[in-house]
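Residue numbers (our numbering), protein chains in the order written: chain A, 1 to 120; chain B, 1 to 524; chain C, 1 to 357.
Since the hints were made in silico from the structure, they are not lab data. Remember, predicted model here, so these are calculated numbers, not experimental data. Glycine included, each C-beta is placed from N, C-alpha and C at the ideal position. Worth double-checking, as some hints may not be accurate.
As the list claims (entries may be wrong) - Between beta-carbon pairs, the in silico distance windows are:
| hint | chain 1 | residue 1 | chain 2 | residue 2 | range |
| --- | --- | --- | --- | --- | --- |
| 1 | B | 67 | C | 187 | 27 to 37 Å |
| 2 | B | 29 | C | 291 | 42 to 52 Å |
| 3 | B | 461 | C | 112 | 32 to 42 Å |
| 4 | A | 80 | B | 183 | 18 to 28 Å |
| 5 | C | 249 | B | 334 | 36 to 46 Å |
| 6 | C | 24 | B | 142 | 10 to 20 Å |
Stated by the list, open to error - Covered stretches of chain B (chain A as the covering partner; in silico rule of three or more C-beta atoms under 8 Å from a C-beta of chain A):
| hint | stretch |
| --- | --- |
| 7 | 37 to 45 |
| 8 | 190 to 196 |
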Amino acid sequence: MSTISLKIEFGGGLELLFANQRSHRIDIPALVPVSAPSAAGPLSTDEQESQKKPADVTYLLYWLRDNLLKEREELFMEHGTVRPGVLVLINDTDWELEGEGDYQLKNNDEIVFISTLHGG
Amino acid sequence: MSCGNPQAEPDALMQRKKKYDKTRNCVRCKDAIGNIVIRHAVYCKYCFFPLTTHKFRRALEPNVNAKPDGPRKTALKPAGTLLVGFSGGLGSSVLLDLVYKCYVSLDKSTMPAEGGRDHPRHERVWKKITVCYVEVCDAFPGTPDRTEDVTKFVSRYDELQLATLRIQDAFDPAWWEKIGGRMSFADIGVSLADEALFIGSLTQSHLDPLAALRAYLSSLPTPTAVHSAIQTLVRVLLLHSALHTGASHLILGTSLTSLAISLISGVAQGSGFNIREETSEEWYPDTGVTNVPEYWPDEGRKGKRLKRTVRVVRPLRDIGMKECAAWAWWSHIPVVGKETWLWPGAKPGIGTLTKEFILGLEQDYPSTVSTIVRTCAKLQPKGEVEGKCILCGRPAQRGVQNWKAQIAIRSQPPPPPAADARAALSPAPVVAEPPFQASLTPYLCYTCHTTLTSRSARPVPTPWPDLARPSVVSLPVWTAARLSVSAESEGAEMVEPTDEEVVRQRKMGQDEMKSIVNEFLLED
Amino acid sequence: MPPRLCALCHAVRAILKRPKTGQQICKECFFYVFETEIHNTVTEAKLFKPGDRVAIGASGGKDSTVLAHVMKTLNERYSYGLDLFLLSIDEGITGYRDDSLETVKRNQQQYDMPLKILSYDELYGWTMDAIVTQIGKKNNCTFCGVFRRQALDRGAAILNVDHIVTGHNADDIAETVLMNIMRGDIARLGRCTSICTQGEDTIKRSKPFKYAYEKEIVMYAYFKKLDYFSTECIYSPDAYRGHARAFLKDLEVSRPSAIIDIIHSGEAFEIKEDVKATQKSQQTCRRCGYMSSNELCKACTLLEGLERGMAHAVATDRGRKKLDADDHAPENLRTIPFFQLPASSRPNSTAPIEAAS
Numbered sequence: 001m002s003t004i005s006l007k008i009e010f011g012g013g014l015e016l017l018f019a020n021q022r023s024h025r026i027d028i029p030a031l032v033p034v035s036a037p038s039a040a041g042p043l044s045t046d047e048q049e050s051q052k053k054p055a056d057v058t059y060l061l062y063w064l065r066d067n068l069l070k071e072r073e074e075l076f077m078e079h080g081t082v083r084p085g086v087l088v089l090i091n092d093t094d095w096e097l098e099g100e101g102d103y104q105l106k107n108n109d110e111i112v113f114i115s116t117l118h119g120g
Numbered sequence: 001m002s003c004g005n006p007q008a009e010p011d012a013l014m015q016r017k018k019k020y021d022k023t024r025n026c027v028r029c030k031d032a033i034g035n036i037v038i039r040h041a042v043y044c045k046y047c048f049f050p051l052t053t054h055k056f057r058r059a060l061e062p063n064v065n066a067k068p069d070g071p072r073k074t075a076l077k078p079a080g081t082l083l084v085g086f087s088g089g090l091g092s093s094v095l096l097d098l099v100y101k102c103y104v105s106l107d108k109s110t111m112p113a114e115g116g117r118d119h120p121r122h123e124r125v126w127k128k129i130t131v132c133y134v135e136v137c138d139a140f141p142g143t144p145d146r147t148e149d150v151t152k153f154v155s156r157y158d159e160l161q162l163a164t165l166r167i168q169d170a171f172d173p174a175w176w177e178k179i180g181g182r183m184s185f186a187d188i189g190v191s192l193a194d195e196a197l198f199i200g201s202l203t204q205s206h207l208d209p210l211a212a213l214r215a216y217l218s219s220l221p222t223p224t225a226v227h228s229a230i231q232t233l234v235r236v237l238l239l240h241s242a243l244h245t246g247a248s249h250l251i252l253g254t255s256l257t258s259l260a261i262s263l264i265s266g267v268a269q270g271s272g273f274n275i276r277e278e279t280s281e282e283w284y285p286d287t288g289v290t291n292v293p294e295y296w297p298d299e300g301r302k303g304k305r306l307k308r309t310v311r312v313v314r315p316l317r318d319i320g321m322k323e324c325a326a327w328a329w330w331s332h333i334p335v336v337g338k339e340t341w342l343w344p345g346a347k348p349g350i351g352t353l354t355k356e357f358i359l360g361l362e363q364d365y366p367s368t369v370s371t372i373v374r375t376c377a378k379l380q381p382k383g384e385v386e387g388k389c390i391l392c393g394r395p396a397q398r399g400v401q402n403w404k405a406q407i408a409i410r411s412q413p414p415p416p417p418a419a420d421a422r423a424a425l426s427p428a429p430v431v432a433e434p435p436f437q438a439s440l441t442p443y444l445c446y447t448c449h450t451t452l453t454s455r456s457a458r459p460v461p462t463p464w465p466d467l468a469r470p471s472v473v474s475l476p477v478w479t480a481a482r483l484s485v486s487a488e489s490e491g492a493e494m495v496e497p498t499d500e501e502v503v504r505q506r507k508m509g510q511d512e513m514k515s516i517v518n519e520f521l522l523e524d
Numbered sequence: 001m002p003p004r005l006c007a008l009c010h011a012v013r014a015i016l017k018r019p020k021t022g023q024q025i026c027k028e029c030f031f032y033v034f035e036t037e038i039h040n041t042v043t044e045a046k047l048f049k050p051g052d053r054v055a056i057g058a059s060g061g062k063d064s065t066v067l068a069h070v071m072k073t074l075n076e077r078y079s080y081g082l083d084l085f086l087l088s089i090d091e092g093i094t095g096y097r098d099d100s101l102e103t104v105k106r107n108q109q110q111y112d113m114p115l116k117i118l119s120y121d122e123l124y125g126w127t128m129d130a131i132v133t134q135i136g137k138k139n140n141c142t143f144c145g146v147f148r149r150q151a152l153d154r155g156a157a158i159l160n161v162d163h164i165v166t167g168h169n170a171d172d173i174a175e176t177v178l179m180n181i182m183r184g185d186i187a188r189l190g191r192c193t194s195i196c197t198q199g200e201d202t203i204k205r206s207k208p209f210k211y212a213y214e215k216e217i218v219m220y221a222y223f224k225k226l227d228y229f230s231t232e233c234i235y236s237p238d239a240y241r242g243h244a245r246a247f248l249k250d251l252e253v254s255r256p257s258a259i260i261d262i263i264h265s266g267e268a269f270e271i272k273e274d275v276k277a278t279q280k281s282q283q284t285c286r287r288c289g290y291m292s293s294n295e296l297c298k299a300c301t302l303l304e305g306l307e308r309g310m311a312h313a314v315a316t317d318r319g320r321k322k323l324d325a326d327d328h329a330p331e332n333l334r335t336i337p338f339f340q341l342p343a344s345s346r347p348n349s350t351a352p353i354e355a356a357s
């Protein structure tokens, strides 16, 4: 099964939820089950092998939650997306310009999550 | 009459819009592919920095000279130095970075292109810039002290001086004396046990400041009150520090997003009368209780000396939290972070609820925060001012206690069932105060009175549940000082005659004063 | 917990905790404070004059049912000298208004007040059922809201009354304050906390429940055993409830005084003078004579949209403006009868009802 390699960075205090480590290098499957990660629920494993789609950012969110997150999930995700107040950059560009959760990940993409909630 | 669903009234719903306008190109240079969406508009990274700097200067610089002006033509000549209120959070970190680049290192990237090298903007403007950090950790159990991190952070910026305070300084006579406060404390405090807010004698006269702070916070009725009390303490500590260090300006790192949150949260706490102060404020201390430094308005040291005032400006008020996060990330600012004010069992207060609500709304309706700020900028207080609130120092509205008593009857027993019909015609009286016991109530603004008296439906745990709570708790030093001064002096003498033009101070009624005197000074 | 005495009379065991103040009080004291606060609101704002003819906007729901009861009670207790009427609007929603109109008819008997029911069908030639058939469930609330507001005024004109009172409560007003700040509606923000609104060409309208908590209205109905219908409109199911309402409820849980504190805030500010100057002035609709901020009032615009089968277009601001600019209405268009204020605009010589000194 082919995988893609991603660079993940956390800032603005979000790193505290991820073992206080700001920078991570991860590998995730290039193709994922079609119905798997969605706003509706967690990853389901028993999907038909034939139904696959390229991994997107929403898939990555669930992957990070299930594999990298150490504590207080609610500070990272809410309603199937990032919690309000978290800025996401995909290769240094606001994810709102890239289709947010629907962005299809490519090998060596750099995804940054920055919390803006560290007060004024 | 309605259909039972007020939301269904016409135009009650806000339309959801798409995240950005037509193209992915930067709207400024029209050339580069954009990196960030700011309220539907797309900007590239290179245009983002000058845009943000421009917004910062536009919010601050018209307020630098004593006479605020519009688009500036003249040189910037502040009447004093600059104090930067620093919390360690994202907003104030970005603020500090901007201040440094614009006025200390004179970073070329922050200079407007027009105007040439001799343009007045290419100046340092401030003779001295001090960063003031108030460490709040001692207010909550188990909260780490960030002072060292903050010291390290500020030391990245040469020529910026750091002054650190602790939240309990608000209860420390030593701090009060240091900044020129008048030391004439009678040992008086307030009972927060019920709505009457009776002023009483402190059982332990010289409580250590930390214990006094914790007793005060633990006696507050709601989590909302604890948060709001701490915000007020920090604000007044910063204001007095500014005054004392000769600062004419106190700037805060309130972003557009935070400002919208504090406006709505303020409205929900009854502070509609002070909605203007949430954005900008011209503060002067109570001359009866502190020494107010003077200065010559002109360089020649001629003419009449003026009493110092402090202008509070929020230069990030047009810059959203998202932009702050992008600035910090792209400029590699190691944000220290600000602790959430929590304690075991604490329920979210109004501030926290408002923050969650606004941030959630902003995600779907990115214009919400700027709409809130723009709408509130079109408002002015309505009704008469009656002096300044003894706790928060902001203008207090006249007649709020009568208003409260009219709309919620709290003390009037109903007439006996067989009462004469005419008796029922008499109006409901205002809250009856038992004779000879002074209350803090008449000195408070609506919001502070609500903070001290309004309760949750169920009791809530306090930050320090194991603390023995005295029946009478200490008040912040500036409040205690003003009460003492009021009690000592007679009528109008509490106001220095020279200050009439700037200071409107509440004149106390004879009875009211007498009751304070009776209770605290003449007993035994 | 040991039985507690009422915080007000100190004589009887407390049986409820007042949502507004948190005080534990007895039933009789609750009735007393609830009614007296309404009385305070009425006298403080000088809402009525003896002899006024007052229509109570009655929907059969909790607010208006309790309002009818309290208005009658206070009118008798304090000798206001008001002639009270019930005025109901029938939107024409099968299965929604039917039951609640029964409640209103029962109130007519119980309180011995004349009742007028005015239907959308009668006034506009359209029931909400018919409107929804044409435009679907989206946007239908816009039609209903605009039509209802005008219908109340027109019903009041038919009854020849001086004044309409509605059951808007403190929660409604607090929510409106928040909503108007968040969507930048400065004109509405300026007037939404006024207890009484009266333009030159409209009938005086006021909200005696301005400071009454929704929860206390329900509590009052419960203890007084007043029956009412809490039917939910079939065209605006619960999911429709707005953000502001949910937020307000959260605030109330956190600190119950929040509702009254928001209203206080709303009363403590006003629109700056220079902003006021830029506000649109009111005029009268050239087609039906009702007050309007444009040439055509909203009801006429919406009605024309329905008649021409282009209702979707007029439900937006832009669509309305377009229609407004288009001067000539097509022939045979059904229109709303011309609006006129009641002839008996009473002389202003009588003093308003105030608290006796």
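Cross-check of the supplied hints:
no.	hint	verdict
1	B:67 with C:187: 27 to 37 Å	holds (32 Å)
2	B:29 with C:291: 42 to 52 Å	holds (49 Å)
3	B:461 with C:112: 32 to 42 Å	violated (53 Å)
4	A:80 with B:183: 18 to 28 Å	violated (59 Å)
5	C:249 with B:334: 36 to 46 Å	holds (40 Å)
6	C:24 with B:142: 10 to 20 Å	violated (35 Å)
7	37 to 45	holds (count 3)
8	190 to 196	violated (count 0)
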